[in-house]
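Chemist: Dock chain B against chain A, hints included.
Chain by chain, the residues run as shown.
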Amino acid sequence: MNYVFQFNVVWDHLPELFEGALLTIQLSATAMALGLCVAVVCAYGKSARPRPVRWVVAAYVELIRNTPFLVQIFIFYFSLPVIGIRLTANTAALAAMTINLGAYASEIVRAGIEAIPHGQIEAAHALGLKRLQIFRFIIIFPALKTVYPALASQFILLMLSSSVVSTISAVELTAITNSLASTTFRSFEFYFVATGLYLAMALGFRAGLSAIYWVVFRRGRAA
Amino acid sequence: MKIALRFVAVAMLLAMPAILAAPPARAESTLDKILKEKKIRVAIDVGNPPFGILDKDGQPDGSDVAVARQMAKDMGVELEFVQVPSTGRIPALLAGRADVTIASISVTSDRAKTVMYCNPNGALQIVIFGPKSIAIKTPADLVGKRIGIMRATLEEATVPKMAPQGTNIVWFDDISATIQAMLSGQVDAVAMTSFAGKTVADGNPDKQIETKLPVTTAFYGPIVRPSDFELRQWINTWLFLNNQNGTLASIYKKYTGLDLPQLPVF
Numbered sequence: 133m134n135y136v137f138q139f140n141v142v143w144d145h146l147p148e149l150f151e152g153a154l155l156t157i158q159l160s161a162t163a164m165a166l167g168l169c170v171a172v173v174c175a176y177g178k179s180a181r182p183r184p185v186r187w188v189v190a191a192y193v194e195l196i197r198n199t200p201f202l203v204q205i206f207i208f209y210f211s212l213p214v215i216g217i218r219l220t221a222n223t224a225a226l227a228a229m230t231i232n233l234g235a236y237a238s239e240i241v242r243a244g245i246e247a248i249p250h251g252q253i254e255a256a257h258a259l260g261l262k263r264l265q266i267f268r269f270i271i272i273f274p275a276l277k278t279v280y281p282a283l284a285s286q287f288i289l290l291m292l293s294s295s296v297v298s299t300i301s302a303v304e305l306t307a308i309t310n311s312l313a314s315t316t317f318r319s320f321e322f323y324f325v326a327t328g329l330y331l332a333m334a335l336g337f338r339a340g341l342s343a344i345y346w347v348v349f350r351r352g353r354a355a
Numbered sequence: 017m018k019i020a021l022r023f024v025a026v027a028m029l030l031a032m033p034a035i036l037a038a039p040p041a042r043a044e045s046t047l048d049k050i051l052k053e054k055k056i057r058v059a060i061d062v063g064n065p066p067f068g069i070l071d072k073d074g075q076p077d078g079s080d081v082a083v084a085r086q087m088a089k090d091m092g093v094e095l096e097f098v099q100v101p102s103t104g105r106i107p108a109l110l111a112g113r114a115d116v117t118i119a120s121i122s123v124t125s126d127r128a129k130t131v132m133y134c135n136p137n138g139a140l141q142i143v144i145f146g147p148k149s150i151a152i153k154t155p156a157d158l159v160g161k162r163i164g165i166m167r168a169t170l171e172e173a174t175v176p177k178m179a180p181q182g183t184n185i186v187w188f189d190d191i192s193a194t195i196q197a198m199l200s201g202q203v204d205a206v207a208m209t210s211f212a213g214k215t216v217a218d219g220n221p222d223k224q225i226e227t228k229l230p231v232t233t234a235f236y237g238p239i240v241r242p243s244d245f246e247l248r249q250w251i252n253t254w255l256f257l258n259n260q261n262g263t264l265a266s267i268y269k270k271y272t273g274l275d276l277p278q279l280p281v282f
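Here the protein sequences come in this chain order: A and B.
Here the first sequence stands for residues 133 to 355, numbered as in the working numbering.
Here the second sequence stands for residues 17 to 282, numbered as in the working numbering.
The shape of chain A in the complex, shown without the other chains (with noise of 0.2 Å):
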């Protein structure tokens, strides 16, 4: 092999490079934030009384959760618009993010809730508090505190795994280095520094997400 290195080309694609990883972490934060919102509702709505509501969440934990992510995000961009919803690129690649991530998130969710012990739960009713109070002061804030390491290594996977929405024509990282080494045939290059951006994220991602931790569960305790 004589290959010659040529990371001249690189540089100059360089803006259209950050602008891809602009909307990766775009994406990727927003699934954060609503995967969340979402993993919550459902763990609330596992302990929910109704057994229809149980079997719902159960059945949608286990539907996503036991099929790939790129089915998935093909089911929302090319087989939503046969019945009439027609989803952008990038709209689609949320909602599929959102819906992926709420389902693992939820299963993670549920474990720092069962790690509560019963006899706190049983004092909060002892002392007249509602559901909806027990569930957001006395289960759901110490349960998310516990799982909070693998809540965050689920959202770095997210990041990392949102590269498949290029399928779609998404134009996030991925996209733009396919694109780029297809036209300028330079895969290697584009290819290697994508890898740096991608762990340069995820760094970012793991120390953004270290400071929401320290900021929500640290200084709100010492206060």
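Don't take each hint at face value.
Chain B residues, not near chain A, derived (Cβ > 10 Å throughout) [what the hints assert, rightly or not]: (1) D222; (2) T232; (3) N259; (4) K270; (5) F282.
Only part of the chain B face toward chain A is listed, based on derived beta-carbon distances under 8 Å [unchecked claim]: (6) Q196; (7) G201; (8) Q202; (9) F245.
The hints are simulated quantities; they were obtained by calculation from the structure and are not laboratory data.
Even glycine gets a Cβ: it sits at the ideal position worked out from N, Cα and C.
Modeler: For chain B alone, coordinates are given in the frame of chain A:
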């Protein structure tokens, strides 16, 4: 004794650069390697009818595949297919996973900067096609329309140049996603080879798919890694012989239904 050992050690150290820098007798060429191992690795794209497809038994078929089979047979070596997606046709070759790519790669000067073309073995036409309900008569009608194209293709190199400002070009990674996007209405029309257009139109009569605009016509040929001159020369010789004896024309006719145009050489 000790001094003698030390002398040998110093002598070896001194000789080291000379040993390392000594050129090998002659670097083995890719053609030598193919003939020695009795095996040629050919990168093909089986997602691109009628050039490369999988037949109903899941075996590679198509005009590119037929060319590769005949070539390996005439070379007297075993044929190993390296199946790649459209975007992997050049990277697989450059990464050394294949010795040659035969996957209807149209000749462009940009691609020739990274790989070496053999002489063309066929021609194709890129067209924009879409459902009858979409009105596209001239390039100006593309404004405001969503046009799907596949990455790493001739379409990608030509459509953005012909499309006026205001055309929404949407990129996909493979042919099935591109076609699916048109069939589900996510894009208004797609740019692809006229052969692919015909396959889609025949397979979906209810959509009334028709050709809207011609984009470009191009010749395509096998590609090899830069500096693989021996292999390129062998392939060119083979192409010359099989152009003369009509093999290339009969393969082209069998899969495309068209007569092979006069093939230029370079």
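Chemist: Hints first: check each against the structure and report whether it holds.
Modeler: Status of the hints after comparison with the structure:
no.	hint	result
1	D222	holds, 13 Å
2	T232	holds, 16 Å
3	N259	holds, 28 Å
4	K270	holds, 30 Å
5	F282	holds, 19 Å
6	Q196	holds, 5 Å
7	G201	holds, 5 Å
8	Q202	holds, 6 Å
9	F245	violated, 13 Å
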